[in-house]
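Chemist: Heads up: the sequence lines are chains Y and V, in that order. Our numbering numbers the first residue of the first sequence as 1 and each following residue consecutively. Our numbering numbers the first residue of the second sequence as 267 and each following residue consecutively.
Rather than coming from a laboratory, the hints here were simulated on the basis of the structure. A hint or two may mislead.
[Unchecked claim] Straight-line alpha carbon distances no greater than 25 angstroms define the calculated SDA-like cross-link-like pairs of lysine to any residue that follow:
id: 1; chain 1: V; residue 1: Lys309; chain 2: Y; residue 2: Asp126
id: 2; chain 1: Y; residue 1: Lys239; chain 2: V; residue 2: Glu534
id: 3; chain 1: V; residue 1: Lys278; chain 2: Y; residue 2: Asn184
id: 4; chain 1: Y; residue 1: Lys2; chain 2: Y; residue 2: Glu152
id: 5; chain 1: Y; residue 1: Lys181; chain 2: V; residue 2: His568
id: 6; chain 1: V; residue 1: Lys272; chain 2: Y; residue 2: Thr203
id: 7; chain 1: Y; residue 1: Lys49; chain 2: V; residue 2: Lys322
id: 8; chain 1: Y; residue 1: Lys181; chain 2: V; residue 2: Lys309
id: 9; chain 1: V; residue 1: Lys272; chain 2: Y; residue 2: Glu199
id: 10; chain 1: V; residue 1: Lys533; chain 2: V; residue 2: Gly606
id: 11; chain 1: Y; residue 1: Lys172; chain 2: Y; residue 2: Asn184
id: 12; chain 1: Y; residue 1: Lys151; chain 2: Y; residue 2: Ala128
id: 13; chain 1: V; residue 1: Lys312; chain 2: Y; residue 2: Glu182
id: 14; chain 1: Y; residue 1: Lys232; chain 2: Y; residue 2: Asp126
id: 15; chain 1: Y; residue 1: Lys137; chain 2: Y; residue 2: Glu88
id: 16; chain 1: V; residue 1: Lys530; chain 2: Y; residue 2: Glu88
id: 17; chain 1: V; residue 1: Lys312; chain 2: Y; residue 2: Ala54
id: 18; chain 1: V; residue 1: Lys494; chain 2: V; residue 2: Cys477
id: 19; chain 1: V; residue 1: Lys494; chain 2: V; residue 2: Thr391
id: 20; chain 1: V; residue 1: Lys322; chain 2: V; residue 2: His485
id: 21; chain 1: Y; residue 1: Lys200; chain 2: V; residue 2: Gln282
id: 22; chain 1: Y; residue 1: Lys151; chain 2: Y; residue 2: Asp126
id: 23; chain 1: V; residue 1: Lys272; chain 2: Y; residue 2: Glu43
id: 24; chain 1: V; residue 1: Lys278; chain 2: Y; residue 2: Ile123
id: 25; chain 1: Y; residue 1: Lys200; chain 2: V; residue 2: Gly328
id: 26; chain 1: Y; residue 1: Lys111; chain 2: Y; residue 2: Val204
id: 27; chain 1: Y; residue 1: Lys200; chain 2: V; residue 2: Asp270
id: 28; chain 1: Y; residue 1: Lys51; chain 2: Y; residue 2: Met1
id: 29; chain 1: V; residue 1: Lys312; chain 2: Y; residue 2: Pro186
id: 30; chain 1: Y; residue 1: Lys200; chain 2: V; residue 2: Lys278
id: 31; chain 1: V; residue 1: Lys312; chain 2: Y; residue 2: Asp198
Computed from a prediction, not measured in an experiment: that's the story for all the values here.
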Amino acid sequence: MKIYVCVKQVPDTSGVVAVNPDGTMNRAKMPAIINPDDLNAMEAALQLKEKECATVVAVSMGPPQAGEMMRELLAMGADEAVLISGREFGGSDTFATSQIIAGAIHHLGIKEEDLILCGRQAIDGDTAQVGPQIAEKLHLPQVTYATEIIKEGNTYTVKRALEDGYMSIQVKSPCLITCIKELNEPRYMTVEGVFSADEKPLTVLDYEALKDEPLIETETIGLNGSPTNIFKSFNPPVKGKGEMFVGSDKEMAMQLAEKLAEKHVI
Amino acid sequence: MILDQKHLRFQKLCRQFAETEFTKDLLDKLEETGDFDWDIFRKMSKYGFCGVKIPKEYGGAGGDYLSYAILVEEFARVSPVLSIYANTSNSLGGGPLMLAGSEEQKQKYLPPVARGDKIMVFALTEPGAGSDAGGTTTRAEEQADGSFILNGRKTFISGAPVADYCIVFAKTDPKQKGSRGISMFVLDMKLPGVSLGKPEHKMGIIGYPTCDVIMEDVHVPADALVGKKDKGFGYAMQTLDGGRLGMAAQGVGIAQGCLEEAVKYSKERKQFGRPIANFQAISFMLADMATETEAARQLVYHAAELKDAGKDAAMACSIAKYFAAEAANHVAYKAVQIHGGYGYINEYKVERFYRDARIVPIYEGTSQVQQMVISGMLLK
Numbered sequence: 001m002k003i004y005v006c007v008k009q010v011p012d013t014s015g016v017v018a019v020n021p022d023g024t025m026n027r028a029k030m031p032a033i034i035n036p037d038d039l040n041a042m043e044a045a046l047q048l049k050e051k052e053c054a055t056v057v058a059v060s061m062g063p064p065q066a067g068e069m070m071r072e073l074l075a076m077g078a079d080e081a082v083l084i085s086g087r088e089f090g091g092s093d094t095f096a097t098s099q100i101i102a103g104a105i106h107h108l109g110i111k112e113e114d115l116i117l118c119g120r121q122a123i124d125g126d127t128a129q130v131g132p133q134i135a136e137k138l139h140l141p142q143v144t145y146a147t148e149i150i151k152e153g154n155t156y157t158v159k160r161a162l163e164d165g166y167m168s169i170q171v172k173s174p175c176l177i178t179c180i181k182e183l184n185e186p187r188y189m190t191v192e193g194v195f196s197a198d199e200k201p202l203t204v205l206d207y208e209a210l211k212d213e214p215l216i217e218t219e220t221i222g223l224n225g226s227p228t229n230i231f232k233s234f235n236p237p238v239k240g241k242g243e244m245f246v247g248s249d250k251e252m253a254m255q256l257a258e259k260l261a262e263k264h265v266i
Numbered sequence: 267m268i269l270d271q272k273h274l275r276f277q278k279l280c281r282q283f284a285e286t287e288f289t290k291d292l293l294d295k296l297e298e299t300g301d302f303d304w305d306i307f308r309k310m311s312k313y314g315f316c317g318v319k320i321p322k323e324y325g326g327a328g329g330d331y332l333s334y335a336i337l338v339e340e341f342a343r344v345s346p347v348l349s350i351y352a353n354t355s356n357s358l359g360g361g362p363l364m365l366a367g368s369e370e371q372k373q374k375y376l377p378p379v380a381r382g383d384k385i386m387v388f389a390l391t392e393p394g395a396g397s398d399a400g401g402t403t404t405r406a407e408e409q410a411d412g413s414f415i416l417n418g419r420k421t422f423i424s425g426a427p428v429a430d431y432c433i434v435f436a437k438t439d440p441k442q443k444g445s446r447g448i449s450m451f452v453l454d455m456k457l458p459g460v461s462l463g464k465p466e467h468k469m470g471i472i473g474y475p476t477c478d479v480i481m482e483d484v485h486v487p488a489d490a491l492v493g494k495k496d497k498g499f500g501y502a503m504q505t506l507d508g509g510r511l512g513m514a515a516q517g518v519g520i521a522q523g524c525l526e527e528a529v530k531y532s533k534e535r536k537q538f539g540r541p542i543a544n545f546q547a548i549s550f551m552l553a554d555m556a557t558e559t560e561a562a563r564q565l566v567y568h569a570a571e572l573k574d575a576g577k578d579a580a581m582a583c584s585i586a587k588y589f590a591a592e593a594a595n596h597v598a599y600k601a602v603q604i605h606g607g608y609g610y611i612n613e614y615k616v617e618r619f620y621r622d623a624r625i626v627p628i629y630e631g632t633s634q635v636q637q638m639v640i641s642g643m644l645l646k
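Chain Y on its own, in the form it takes in the complex:
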């Protein structure tokens, strides 16, 4: 059984977002991290691996610098890492990215018992589109926003978070599941993993390796082939601070009513 975990290296948006004069993000000025939701996907894969015999393969598309991120995933416990990297892929939007990643997974082979795990969304684009699009391209069933994954044979029972509750869905492998942070607490790298990460296989798939993949249309990848273009990015204006009331329900209701009356809302 193989578990593919799709990961993305993203700029750390918890600090200040650096923007270039042309409106695009200045990634060089922001520290690169592993997309947080993807770490939940990796943790889920490693937990499944501990229960059953599985090979965990981390898959990412990105520049060569993302190689060190792949080593970190190997140090967490992934068995193999595949970095899809090539100038031709640069600037891809979600539509282009998902074809390339789907093509790469198809190239690596997906069997009946295999699973693909993704993070819900990346913190740089926040689209939550790549995971579902990969599933569509590969004609696989998908379950998004997983907060619990239980495996029995080739059947997965997934608890899927909704805004006002959850739903339980059963799905057969091969399938794709996107994970949210409530699913688990990602582990650190291990000491042993850090020291042995350089000995584990890290494969780079470039344009040459993937150009004949039937799932990839070479004219709809990269910056020029992508249907979406970024017009402008900017730091949103800081909102005013909220006010917290303390006390019993009645006291808080009184305070709220006073405030609203003050502002002539009521």
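Got chain Y sorted already, so can you dock chain V onto it with the hints?
Modeler: Then chain V, alone, in the frame of chain Y:
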């Protein structure tokens, strides 16, 4: 020195772990109770920190001295006392066996120590034999069957209250003078005749308990002897040589922690209408702190690199320990000074760092002993 990818990755792991797991609540609890915290120790063990420098064939990660120094530095940057939790097995605890243990001894003791299932500590100091370890009076009398009877008292033994095993140095041949005729033993702390003194109340590194170990007619088997009989003092000195690298790294971590706190505070704290960082009196102190910290770090990394290359590093380790221990104290002093009255209040991190820093020029060879080692090598 520029760290390579592997060491950078290891540094990242240590930093991430320390920053996330060594919470204020945990650090306050250690300070209040003075007790060993088993939960954080188990978590460290689970991730493999206790076995960083123990070879792979004995259950460790087989890391080098540089990794070991990075581990202690990064942990000490957040909590000097918790850096000792992960240090002992890689240093004075596991070190003597890695140095002189037989294959059977290594197989028996090192894997559980590397996993953190067992704790092994080091007992050299006696009430009357500190810097002058040659003055050891603990006695080991060999019996006809090759076993030994141990009698004596070891003092200030870090970790003794929680230890399963203790590396003990005892005089096997009283006819030999000074540092000769001393042997090294691995003592099972559960043996009849082994008892502990009361836990000491220390100025700093509170939360890693320290007490005396008393041996009264303790019968240890022949295979408790580690290395050659009567050659223990040499093993002790060699172990301490590596150990002082770790304590030098602890000094660097403390200095770095103090520096970061001082930089942050001096930007926030306003006096005379502006942040105190804008006063040259403060900013020059910060510059001195950064300079001493970085110099200490480079000495430590260099000594580690020499050891990893298999070169003679005794002098480099002493220089690093001497400089880093003193630097930690200079930097901690200035960090408290920059904080003013707040630095004297135990709610502020620098107050604890200041007390913790004070042990570094004392244990594993005082600064004066390092001066003796360094000058001795210069003048021989």
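Chemist: Please go over all the hints and tell whether each is borne out by the structure.
Modeler: Consistency of the hints with the structure:
The hinted pair formed by Lys309(V) and Asp126(Y) fails the criterion: a straight-line CA distance of about 33 angstroms is larger than 25 angstroms. Between Lys239(Y) and Glu534(V), the direct Cα distance comes to roughly 23 angstroms. Compliance with the 25 angstroms bound is thereby established for this hinted pair. In summary, the hint linking Lys278(V) to Asn184(Y) is supported, as the alpha carbons are separated by about 22 angstroms, within the 25 angstroms threshold. For the hint pairing Lys2(Y) with Glu152(Y), the CA-to-CA distance comes to about 15 angstroms; that is within 25 angstroms, so the pair holds.
About 42 angstroms separates the Cα atoms of Lys181(Y) and His568(V), which puts this hinted pair outside 25 angstroms; it is violated. Restraint check for Lys272(V) and Thr203(Y): satisfied, since their Cα atoms lie roughly 18 angstroms apart, inside the 25 angstroms limit. Proximity of Lys49(Y) to Lys322(V) is assessed by CA-CA distance (about 23 angstroms); at most 25 angstroms being required, the pair is judged to hold. This hinted pair checks out: Lys181(Y) and Lys309(V) have alpha carbons roughly 22 angstroms apart, not beyond 25 angstroms.
A C-alpha spacing of about 11 angstroms is found between Lys272(V) and Glu199(Y), which places the hinted pair at or below 25 angstroms, so the restraint holds. For the given pair, Lys533(V) sits about 14 angstroms from Gly606(V) by alpha-carbon distance, which is consistent with the 25 angstroms threshold. This hinted pair checks out: Lys172(Y) and Asn184(Y) have alpha carbons roughly 22 angstroms apart, not beyond 25 angstroms. About 24 angstroms separates the Cα atoms of Lys151(Y) and Ala128(Y), which keeps this hinted pair within 25 angstroms; it holds.
Of the supplied pair hints, the one linking Lys312(V) and Glu182(Y) holds, its CA atoms being roughly 23 angstroms apart against a limit of 25 angstroms. A threshold of 25 angstroms between alpha carbons decides the hint, and for Lys232(Y) with Asp126(Y) the separation of about 15 angstroms falls inside it, so the pair holds. Restraint check for Lys137(Y) and Glu88(Y): the C-alpha separation of about 20 angstroms stays at or below 25 angstroms, so the hint holds. Among the hinted pairs, Lys530(V) with Glu88(Y) is inconsistent with the structure: their alpha-carbon atoms are about 44 angstroms apart, more than 25 angstroms.
Of the pairs offered as hints, the one joining Lys312(V) and Ala54(Y) holds, with about 22 angstroms between alpha carbons and a cut-off of 25 angstroms not exceeded. For a cut-off of 25 angstroms, the pair hint linking Lys494(V) to Cys477(V) is broken: about 28 angstroms separates their Cα positions. For the proposed pair Lys494(V) and Thr391(V), the alpha carbon gap of about 20 angstroms is at most 25 angstroms, so the pair holds. Between the alpha carbons of Lys322(V) and His485(V) the distance comes to roughly 32 angstroms, so the proposed pair goes past 25 angstroms and is violated.
For the hint pairing Lys200(Y) with Gln282(V), the CA-to-CA distance comes to about 23 angstroms; that is within 25 angstroms, so the pair holds. Between Lys151(Y) and Asp126(Y), the direct Cα distance comes to roughly 28 angstroms. Violation of the 25 angstroms bound is thereby established for this hinted pair. Of the supplied pair hints, the one linking Lys272(V) and Glu43(Y) holds, its CA atoms being roughly 22 angstroms apart against a limit of 25 angstroms. For a cut-off of 25 angstroms, the pair hint linking Lys278(V) to Ile123(Y) stands: about 21 angstroms separates their Cα positions.
Our distance criterion of 25 angstroms between C-alpha atoms is met by Lys200(Y) and Gly328(V), whose separation comes to about 17 angstroms. Of the supplied pair hints, the one linking Lys111(Y) and Val204(Y) holds, its CA atoms being roughly 22 angstroms apart against a limit of 25 angstroms. In summary, the hint linking Lys200(Y) to Asp270(V) is supported, as the alpha carbons are separated by about 17 angstroms, within the 25 angstroms threshold. Among the hinted pairs, Lys51(Y) with Met1(Y) is consistent with the structure: their alpha-carbon atoms are about 12 angstroms apart, no more than 25 angstroms.
About 14 angstroms separates the Cα atoms of Lys312(V) and Pro186(Y), which keeps this hinted pair within 25 angstroms; it holds. Between Lys200(Y) and Lys278(V) the CA atoms are separated by roughly 19 angstroms; this keeps the pair inside 25 angstroms, and the hint holds. About 21 angstroms separates the Cα atoms of Lys312(V) and Asp198(Y), which keeps this hinted pair within 25 angstroms; it holds.
Checked against the numbered hints above, the structure breaks hints 1, 5, 16, 18, 20 and 22 and satisfies the rest.
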